[in-house]
Structure formats: C-alpha cells, structure tokens
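Assemble the whole structure, with the sequences as input and the hints as a guide.
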Amino acid sequence: MGTLQKLTGTEDILPITQFVGQEIKVADVGIWQRVEAIAREILHRAAYREIRTPIFEQTALFERGIGEATDVVGKEMYTFKDRGDRALTLRPENTAGVARAYIQHSLYAQGGAQRLWYSGPMFRYERPQKGRQRQFSQLGVEVIGSRDPRADAEVIAIATDILQAVGLKNLSFYLNSVGNQSDRQAYREALVEYLTPYKDELDADSRDRLSRNPLRILDSKDAKTQEIVQSAPSILAYLCDDSRQHFDTVQQLLTDLNIVYQLNPCLVRGLDYYTHTAFEIQSADLGAQATVCGGGRYDGLITELGGPDTAAVGWAMGLERLTLLLQQLQESQPPELDFYLVSRGEQAEGQTLAIAQRLRQAGFSVEIDLSSSAFGKQFKRADRSGAVGCLILGDSEAEHGTLQLKWLRTEEQQELSQADLPSAIPQLRQHIQQQRQSL
RNA sequence: GCGAGCGUAGCCAAGGGGUUAAGGCAGUGGAUUGUGAUUCCACCACUCGCGGGUUCAAAUCCCGUCGUUCGCCCCA
Numbered sequence: 014m015g016t017l018q019k020l021t022g023t024e025d026i027l028p029i030t031q032f033v034g035q036e037i038k039v040a041d042v043g044i045w046q047r048v049e050a051i052a053r054e055i056l057h058r059a060a061y062r063e064i065r066t067p068i069f070e071q072t073a074l075f076e077r078g079i080g081e082a083t084d085v086v087g088k089e090m091y092t093f094k095d096r097g098d099r100a101l102t103l104r105p106e107n108t109a110g111v112a113r114a115y116i117q118h119s120l121y122a123q124g125g126a127q128r129l130w131y132s133g134p135m136f137r138y139e140r141p142q143k144g145r146q147r148q149f150s151q152l153g154v155e156v157i158g159s160r161d162p163r164a165d166a167e168v169i170a171i172a173t174d175i176l177q178a179v180g181l182k183n184l185s186f187y188l189n190s191v192g193n194q195s196d197r198q199a200y201r202e203a204l205v206e207y208l209t210p211y212k213d214e215l216d217a218d219s220r221d222r223l224s225r226n227p228l229r230i231l232d233s234k235d236a237k238t239q240e241i242v243q244s245a246p247s248i249l250a251y252l253c254d255d256s257r258q259h260f261d262t263v264q265q266l267l268t269d270l271n272i273v274y275q276l277n278p279c280l281v282r283g284l285d286y287y288t289h290t291a292f293e294i295q296s297a298d299l300g301a302q303a304t305v306c307g308g309g310r311y312d313g314l315i316t317e318l319g320g321p322d323t324a325a326v327g328w329a330m331g332l333e334r335l336t337l338l339l340q341q342l343q344e345s346q347p348p349e350l351d352f353y354l355v356s357r358g359e360q361a362e363g364q365t366l367a368i369a370q371r372l373r374q375a376g377f378s379v380e381i382d383l384s385s386s387a388f389g390k391q392f393k394r395a396d397r398s399g400a401v402g403c404l405i406l407g408d409s410e411a412e413h414g415t416l417q418l419k420w421l422r423t424e425e426q427q428e429l430s431q432a433d434l435p436s437a438i439p440q441l442r443q444h445i446q447q448q449r450q451s452l
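Numbering of the first sequence is given in my numbering, commencing with residue 14 and proceeding in unit increments.
These are calculated hints, taken from the structure and not from any lab test.
Predicted model only: the values in this text are computed from it and were never measured.
We put the CB at the ideal spot given by N, CA and C, even for glycine.
Treat the hints with caution; some may be incorrect.
Label-pair ranges, simulated between beta-carbon atoms [as the list claims (entries may be wrong)]:
| no. | residue 1 | residue 2 | range |
| --- | --- | --- | --- |
| 1 | S185 | Q258 | 42 to 50 Å |
| 2 | G300 | Q198 | 33 to 41 Å |
| 3 | K182 | D218 | 29 to 37 Å |
Below is the structure:
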C-alpha cells in the first residue's frame with residue numbers, strides 16, 4: 014500500500030460512526046466524550062483531583078516500580094534511546110508515574126491522603142486482539158497516603174459507580190487479598206512445595222513460572238493446571254492477623270455498600286507492587302480480555318521508588334474495553350446544530366461569515382455551506398445536517414441586507430433584517446428550543 | 001514471541017485459470033441556473049494489499065511479505 018497507515022495496534026477515533034449493516038464497526042468520539050464526562054463528574058464529587066504526568070519516563074522507573082520479572086517489563090515495553098542516549102520508555106501503566114510525581118514534588122507534605130485521578134494513553138508492545146491494543150487508554154485513580162481500609166472500599170465504590178453510571182451491566186467483581194510481603198513469602202513457599210510433585214503435569218508456561226513467579230500459576234487457563242490448582246493451599250490461609258483484619262474490614266465495608274463481589278483466592282495481579290487488596294472487574298462480553306478494571310493496594314511502591322513509607326490503593330480502567338462494551342448498548346447521536354447557512358453569489362457569500370460569527374457569539378451553533386453549488390443541493394445538505402433552521406442568503410437578500418430563515422421542521426419561512434439580528438436573538442433562541450422539544 | 005482465519009472501490013460484496021472485474025450503499029454532476037421528497041441519466045477499480053514464481057493466459061494456483069481479525073502468553 015502506497016499510502017501511510019496507522020501503526021498496528023493503534024486506533025483512530027473518528028467524529029462519525031462507521032457501520033457494517035447494523036453493527037457498529039468504529040464508534041465515534043461521542044461515546045468517549047460521554048464516558049469522560051461521567052467519570053469526571055463522579056471523581057469530582059468524591060474529591061479526587063486530576064494529575065497529568067509525562068507519557069514517557071526513565072526506563073528504570075518501570076523496571077523498579079512494576080518489577081523486572083513481570084511480563085510487562087520483560088517483553089512488553091516500548092523502550093528506546095533518545096538523542097542524548099537516555100533510556101526512555103513509553104508508559105505501560107501510570108501508577109509508577111504518579112508515584113514518581115508524588116515523591117518528586119513531596120506531595121506527602123500536604124498532609125492527609127492524596128486522592129488523584131488520571132486519564133491518558135498507555136503503551137505495550139503486544140499482538141493486538143479484541144480489547145487489546147498497543148496504544149490504549151486508561152482512566153485510573155490512586156489514593157496515596159492512607160492504609161485505612163475505607164480507602165480500599167472508597168476506590169472500589171467509585172469504580173463501580175462509574176461503570177454503572179456509564180450504563181454497563183453484567184459485570185463480575187472478583188476480590189482477593191495477597192497479604193503483605195512476608196505473608197506472600199510464606200505462601201509462595203507453601204505453594205511451590207505443593208506444586209513441585211505435579212511439576213510434569215503442569216503446562217509449559219506454568220512449569221517455567223514455578224521457580225520465577227509461582228503465584229502466577231494460580232490463574233493459568235490451562236485445564237489440567239487449573240485442576241491441580243483447585244486443591245492448592247489458599248493465600249487467604251496465610252494472611253497474618255493484621256492482613257486478615259484489613260481484608261475483613263474491606264469486605265464488611267463493601268457489603269455495607271451493597272457491592273456484590275466474589276472472593277477469588279486465585280486472583281493474582283501481574284504487577285509486583287500489589288499488596289493486600291487485589292481486585293478485577295470483568296465482563297463476559299469482551300472475549301479473551303475480560304478485565305475492564307483492575308487494581309489493588311500497593312503499600313510498598315512509594316518506598317521502593319525512594320519515597321517515605323507510604324501506603325496507597327488504586328485501580329485502572331481500560332477505556333477501549335469500556336467503550337467496546339458500551340457501543341453494543343447504544344447508538345450515537347449526531348451533534349445538535351441550530352443553523353445551516355446556505356448562500357450563493359459573490360456578495361452573499363461574502364456576508365456569510367460575519368452573520369455566522371454574530372450568531373455563534375450569541376451562543377448558537379452554525380454551519381456554513383462552502384460549496385457554492387445550486388440551492389437545491391445546499392438545501393439537501395441542510396436537511397441532512399439535522400439543523401433546526403436554514404439561513405438563506407442569495408443575491409436579493411445580499412442586496413437588501415436581509416436574510417431568509419426557513420424552519421426546516423415546520424417549513425415556515427420568515428425574513429429577517431441583518432441589521433436587526435441582535436434584537437431577534439431571544440426570539441430565535443426560544444423558537445429553536447420549542448422546535449427541539451416538539452420532536 | 002507462538003497459532004489459526006481473512007485481504008476485490010470510502011463501505012458491503014460477486015467472481016476459485018480464459019481477459020470490457022457483477023451488483024448494492026455512499027459520493028459527485030445533471031434533469032430541477034432560489035427551496036429539502038421520489039424518480040431518472042451520467043460519472044465513480046487501466047486492476048483485485050505488495051513482491052516474486054508457475055502458465056500461451058493469474059483477482060483466481062504456488063512461495064514470500066505486509067496488513068488485519070481472533071486465540072495463546074499477559075493484562076486494562
């Protein structure tokens with residue numbers, strides 16, 4: 014193909030929806046704007062403030078923060094050298110970046126917990142499939158500076174609020190606790206001890222992980238491995254009293270909030286920094302990439318990155334997955350347009366911009382037809398634009414300083430004086446409102 | 001990184017060795033030179049993702065490559 018095309022695993026989000034039959038092939042920006050507006054409102058009400066951090070960071074930040082043994086760091090990062098020979102990486106997730114900013118600007122000096130949210134592109138070098146891209150968008154929240162179980166529950170409640178407000182149903186919420194460092198160490202040994210005799214029956218990947226990252230074997234999709242894992246010891250049995258109590262309280266709070274969850278002791282998240290609470294919200298309608306939202310507590314991360322001992326919880330939502338689910342539910346609305354301005358003739362065309370600007374400054378939306386084609390054609394486009402009114406400017410109007418206004422839905426037509434336009438504005442506004450409502 | 005399927009116009013497609021590459025939607029111009037519908041007419045792929053091979057002959061068969069979709073791994 015001679016033309017340049019988007020890179021694999023990236024998407025264009027267009028102003029128009031593209032259909033194949035009834036099925037939406039590519040959803041338009043409208044759905045994104047709706048989701049973002051709803052999320053923003055809910056986050057605002059919960060006193061979360063937006064933070065924007067760079068899209069690339071030093072490679073070392075992710076290596077240290079996410080963990081060198083993880084797949085994300087091991088094989089999925091977009092890493093490169095810049096012209097100054099610095100090792101950079103396009104962020105594969107944003108918790109590490111937010112933690113870095115928190116430390117760098119000493120946000121802990123503000124006192125109390127910092128409630129933060131972010132939204133933006135993330136990058137992972139993977140083979141794309143349904144619900145998985147190389148550039149994708151995450152909306153996330155972080156509460157940094159509290160180990161209170163209410164923080165865990167609040168963050169979860171906000172996630173379920175957003176998903177519900179946006180209109181998603183049929184989601185499953187899985188909850189687990191992976192305990193603290195020493196709980197996990199003890200459990201890890203027990204698990205390895207249990208699994209070692211079955212070593213030859215595990216699938217190849219799991220056998221590999223037995224020494225490197227045995228907890229990951231728990232959520233293997235391999236049938237035989239699953240069977241073996243069924244009777245493995247549960248992490249929940251290895252929680253110390255503090256961990257146990259924290260987890261119990263989180264569960265109690267969720268129950269009080271009527272948030273339905275399923276305990277899943279096999280839920281292990283792929284990033285090293287998680288401690289205690291871990292959770293995922295999944296949909297059955299997404300194919301193999303079922304997780305819409307995932308997160309948990311990460312009490313060790315800030316220290317790991319060189320900051321003070323600071324507890325934190327957070328989650329991230331995959332916005333492509335969310336919109337993918339949403340576009341199955343609703344059709345998109347064309348943008349509302351007040352006036353479509355048609356014109357013909359040199360003098361008339363010369364007056365259109367000034368008229369449009371005057372109306373726009375008064376708060377109306379106005380689209381100018383730039384084609385100079387026959388009025389018949391321009392009217393056809395006016396009709397399709399969905400505008401309430403069509404402003405007509407031809408030779409005689411230009412001559413007399415007037416303009417025709419045809420209300421497209423009622424087919425009434427009236428004449429206006431250009432000079433009197435400002436005084437006609439309240440009436441126009443009222444008329445448009447009426448016509449919209451009568452639909 | 002691995003596996004499988006699929007690439008014919010802006011979109012949906014027919015054609016599976018024989019040469020003008022069906023049809024539909026959308027678009028543009030006109031019938032209608034100042035009023036939205038319908039209808040009608042015309043235009044809209046020097047070539048079937050790209051490169052090579054087989055053949056008298058390739059969109060069609062073979063190889064490679066790129067893209068895409070779904071899955072594995074992993075995650076959002």
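(request) If any of the earlier hints don't hold here, list their numbers in rising order. (result) Result: hint 1 breaks, nothing else.
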